[in-house]
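Student: Take a look at the letters that make up each chain.
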Amino acid sequence: MKLYCLSGHPTLPCNVLKFKSTTIMLDCGLDTTAALYFLPLPLVHSPRLSKLPGWVSKDGAVNLEKELKECSGRVFVDSQPEFCLPEKELLDLSTIDVILISNYHCMMALPYITEHTGFTGTVYATEPTLQIGRLLMEELVTFMERVPKAQAATCWKNKEIQRLLPGPLKDAVDVWSWRKCYSVQEVNSALSKVQLVGYSQKVELFGAVQVTPLSSGYSLGSSNWIIQSHYEKVSYVSGSSLLTTHPQPMEQSSLKNSDVLILTGLTQIPTANPDGMLGEFCSNLAMTIRAGGNVLVPCYSSGVIYDLLECLYQFMDSANLGSTPFYFISPVANSSLEFSQIFAEWLCQNKQSKVYLPEPPFPHAELIQTNKLKHYPSIHGDFSSEFRQPCVVFTGHPSLRFGDVVHFMELWGKSSLNTIIFTEPDFSYLDALAPYQPLAMKCVYCPIDTRLNFHQVSKLLKDIQPLHVVCPEPYTQPPPAQPHRSDLMLELQPPPMAYRRCSVLGLPFRRRYERIHLLPELARSLVPSEIKAGVSVATVSAVLQSKDNKHVLQPVPKPAPVPPSKKRKRVTEEPPEVLNPKPLLSGAVPLEPFLAMLHKVQHTLSLRPNQSAQSACR
Amino acid sequence: MPDIKVTPLGAGQDVGRSCILVSIGGKNIMLDCGMHMGYNDDRRFPDFSYITQNGRLTEFLDCVIISHFHLDHCGALPYMSEMVGYDGPIYMTHPTKAICPILLEDFRKITVDKKGETNFFTSQMIKDCMKKVVPLNLHQTVQVDEELEIKAYYAGHVLGAAMVQIKVGSESVVYTGDYNMTPDRHLGAAWIDKCRPDLLISESTYATTIRDSKRCRERDFLKKVHETVERGGKVLIPVFALGRAQELCILLETFWERMNLKAPIYFSTGLTEKANHYYKLFITWTNQKIRKTFVQRNMFEFKHIKAFDRSYADNPGPMVVFATPGMLHAGQSLLIFKKWAGNEKNMVIMPGYCVQGTVGHKILNGQKKLEMEGRATLDVKLQVEYMSFSAHADAKGIMQLIRMAEPRNMLLVHGEAKKMEFLKDKIEQEFSISCYMPANGETTSIVTNPSVPVDISLNLLKREMALGGPLPDAKRPRTMHGTLIMKDNSLRLVSPEQALKELGLSEHQLRFTCRVQLHDPHSDNDTLGRIYTHLKSVLKTYSIQHVPDGTVIVESIVIKVTSSAEEPNLKVILLSWSYQTADSTATKKKKIQL
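As given, the protein sequences belong to chains A and B, one line each in that order. Going letter by letter, the first sequence gives residues 1 to 618 in UniProt numbering. Going letter by letter, the second sequence gives residues 1 to 594 in UniProt numbering.
No lab work stands behind these hints, which were simulated from the structure alone. Built from N, CA and C at the ideal position, the CB exists for glycine as well. There's no promise every hint is true.
Chain A side only, calculated, beta carbon under 7 Å to chain B, not exhaustive [claimed, not checked]: (1) Lys202; (2) Leu242; (3) Tyr356; (4) Thr539; (5) Val556; (6) Lys558.
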């Protein structure tokens with residue numbers, strides 16, 4: 001059993017597990033942080049961004065004016081933003097049988113894997129994961145295609161040239177594997193390969209392996225996976241949460257007795273407490289609005305935004321800000337809000353019980369009804385005429401490189417009345433803001449990451465007791481910025497097996513047994529004898545049949561009675577070699593009775609060898 | 001012999017009060033717990049005294065499963081759990097869990113408040129009963145206890161309807177509840193995988209019907225409604241609040257829009273809006289098309305269909321009214337029917353099955369005078385139309401499901417005996433499987449033949465698979481030898497050597513020897529040499545060795561030659577073979593003889 005690690009990113013994993021002749025890909029996350037090296041894509045012509053000076057090396061030897069621009073003291077690539085894909089060279093991706101998706105954030109690289117590698121397998125995901133994943137992909141595509149770039153910059157990727165570039169571009173890794181965004185056609189084709197599964201559904205793969213998704217508590221439809229045969233069990237834990245937010249709580253007990261537990265997707269901000277962050281979010285928001293400023297919240301179109309809206313729904317009235325409008329701007333804003341209301345089965349208990357009334361599970365339905373929350377597909381159209389200030393705007397993309405958020409940065413960045421509040425933990429906010437510097441607007445960093453922290457995970461591991469733990473390398477050491485915080489790492493006995501991009505791990509497994517079925521006729525014919533107290537033994541002679549990785553033992557067929565031969569020349573067929581099961585020859589031989597028995601049968605015994613002897617001599 | 005026992009307490013050769021007891025692998029399961037619309041006395045509920053004469057049912061049942069929210073499938077639930085007494089788990093899907101208590105409350109109101117019955121379950125009992133419900137998701141494997149697992153499949157029929165697979169070890173039963181094999185305007189078609197259950201328990205409401213295409217029926221329906229409205233008549237469509245009603249609403253809504261009709265359409269009872277809301281929230285349970293477009297246009301927001309008020313029934317002019325309940329046995333639909341029955345311009349369209357004893361059933365059978373409560377009689381002058389819109393599988397659909405699931409046995413419930421008989425013959429003929437149709441209280445026992453799961457050592461299996469070659473040879477089956485070790489409830493099959501090692505036993509050597517005397521003038525060595533060449537020529541496929549110390553070895557058989565000192569020509573051939581190869585030795589001997 002082997003694990004091929006195609007991504008080193010701890011929260012955007014992509015691993016391939018080879019287990020009992022099946023090849024299973026676990027997630028395919030897309031690392032969008034590569035977009036931070038690119039210039040923002042403005043939705044409305046920006047005089048500032050269009051007049052940036054091109055970059056020429058100091059000695060003038062390298063001239064990349066067209067590709068690289070200097071902006072706010074940094075050099076950015078002037079091209080459509082690209083993303084870092086999972087490693088494609090480590091193994092032949094066309095051999096992958098199935099892809100298991102744990103949540104919608106971890107499937108964004110799917111089209112790259114399913115469309116251009118010869119992949120012919122099946123993708124398994126829950127319905128919310130598929131639907132919301134589709135929305136996020138479509139949103140990404142729209143963001144890119146709305147503002148097409150005439151040409152793609154590639155010269156800077158040349159190793160000789162990249163070496164000469166200023167940091168951080170100089171230090172970007174694997175730049176040749178970066179790809180620009182996929183198309184809608186590729187998204188549709190990739191998602192057509194998805195087969196829907198429900199929590200605790202047992203899915204058989206080729207009769208050899210069974211996979212089961214379990215609720216992971218992180219987002220709508222998010223799951224951990226159990227991959228098991230009758231004797232071996234691998235748990236794949238990816239993006240789990242023990243906090244009570246909107247999704248169904250995490251299922252833990254089924255993870256017990258794992259031989260190997262692959263652990264990914266822990267919180268990216270282990271030092272921040274989500275509840276505290278939420279409080280800070282609200283108070284900063286209130287402060288800005290009271291002072292007459294606007295609040296910009298760059299966020300993904302699904303996930304924490306539901307909780308933020310619910311929190312604000314309660315907070316705004318109590319803070320006497322009930323009349324402040326909320327705007328949610330995204331090509332998929334409407335769909336995301338609508339979809340969130342129809343997945344009752346995937347929600348936590350108290351949201352579920354609302355549906356029985358019947359009421360929509362999320363209060364944003366009421367916010368929309370009372371016109372407090374308005375959603376628009378983009379800043380163009382109705383929004384521009386309807387919007388009032390001061391207001392709160394939720395919009396993407398959190399990298400600040402594309403999407404409607406770029407426009408708001410240009411619009412509001414110059415006023416110190418306004419505030420930008422970062423809630424998504426995926427991007428360093430300083431890097432995200434780099435091309436907009438100098439900024440007058442206030443920046444508040446309230447990352448809300450509900451995934452497991454190190455304290456929770458060590459308690460969880462203590463409860464479920466896996467024999468071995470596999471995790472990304474960063475989890476085995478304290479964060480680089482806080483080298484003394486040994487509490488922010490995994491300390492386990494035996495120590496976890498760490499992986500990084502391109503690692504191939506042999507998993508410590510010894511398979512000893514396989515499941516086989518005795519047909520009832522065979523089972524009935526067995527004669528067990530008790531060897532010791534509680535231990536019985538029976539010898540079995542049977543015919544093995546293996547089909548679709550299922551094994552069955554049948555009784556040995558009785559030789560068909562040879563029909564009275566009409567054709568004399570026919571060679572007589574050999575009967576099957578052995579018919580009768582042989583008892584084990586063991587245990588004490590009671591000598592006296594044995595001798596007595598010998599005496600008894602001696603007479604009959606002595607005859608047969610003579611007969612055969614005579615015939616043998618002929 | 002292990003067997004599965006099935007006893008219907010209701011729905012055995014009958015439609016109504018579905019309640020089927022199944023015993024499988026030592027577990028007892030109650031499938032559905034319905035009421036009978038045709039009775040107002042004790043016969044209304046299943047006879048739970050069959051399970052136990054006195055006391056509660058909890059210790060006799062491992063779980064109760066409700067397939068969908070129709071009262072003939074869940075109407076007796078509060079009676080069973082709260083009045084007879086059952087505290088174990090009750091499984092149903094989310095939509096069923098949401099809607100079922102509303103219908104039960106409705107049912108209770110009609111029975112207690114309107115008809116004044118006492119000794120009936122109360123609102124509190126419905127609430128207490130619902131607390132025992134565990135929601136079930138589609139395809140989720142729910143472990144009721146260590147051995148018993150259940151899994152729900154989509155059944156169409158109504159929102160949230162499910163078929164359930166019940167599994168204990170390798171034995172399994174599938175119960176369909178009510179299902180529909182053709183997608184309709186708001187629901188998808190039932191689906192199940194090839195799970196090969198030992199027994200498939202199927203409804204058979206339309207056992208003998210093969211219905212014409214849906215489109216024709218819809219066109220017919222619209223034509224009749226349209227004609228009646230055009231000539232100023234009123235159309236009454238008795239429906240159950242949830243299910244067919246939504247499909248017909250979608251149908252009329254689109255028709256009204258297309259034809260630009262102005263006659264009002266009403267939907268009776270306050271349940272409507274609520275009902276439609278359920279459909280909006282459980283949109284994942286509807287069909288593909290509705291699910292795909294719900295963000296742009298929610299099919300359950302109707303423009304032309306408005307809430308009904310009792311006073312509207314006397315309004316002049318045409319109108320269409322959907323009213324509950326569907327079989328005209330009580331409530332608003334019966335009230336409106338009484339008002340409109342005297343006018344031949346009006347029409348009642350029965351879109352579903354009507355249970356015997358209900359007004360619906362009577363008028364469908366052409367009865368023109370109805371006896372009402374008291375001594376009054378009612379003349380039925382309005383037109384009575386029947387449109388089969390109830391979403392049950394027809395004969396074709398039932399056969400299709402059998403093909404999907406490939407059961408080993410079949411059992412029919414929820415249908416009329418005569419029709420069942422016909423379908424039973426057809427199933428037995430076409431699939432050559434046994435088909436049963438027990439009456440209420442009658443037990444059917446099905447013998448299962450489960451195979452025994454055993455852990456085989458991977459070494460043994462791999463060795464055997466390597467020896468057996470990639471393809472099994474039907475003519476020359478290979479026999480595999482192993483030892484089955486039974487210890488602490490575990491069954492392990494290992495090679496005999498490993499078994500001995502593991503059990504700490506040493507193996508005895510048992511050899512058979514025999515001496516053969518023959519006359520041969522040659523020297524000992526020459527005799528042995530001759531035997532060697534002879535054997536070589538006869539036993540071509542065996543490895544034969546001539547060892548210099550004066551022995552010939554054919555696999556495990558050892559052959560030696562000695563001669564006595566007195567008679568040098570009399571050679572004694574010593575043959576020795578081990579016990580393990582006794583049989584093959586015999587074969588070899590035979591070969592030598594040849």
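Student: Hints first: check each against the structure and report whether it holds.
Tutor: Here is how each hint holds up against the structure:
| no. | hint | in the structure |
| --- | --- | --- |
| 1 | Lys202 | holds, 5 Å |
| 2 | Leu242 | violated, 22 Å |
| 3 | Tyr356 | holds, 4 Å |
| 4 | Thr539 | holds, 5 Å |
| 5 | Val556 | holds, 5 Å |
| 6 | Lys558 | violated, 11 Å |
Consistency note: the structure conflicts with the earlier hints numbered 2, 6.
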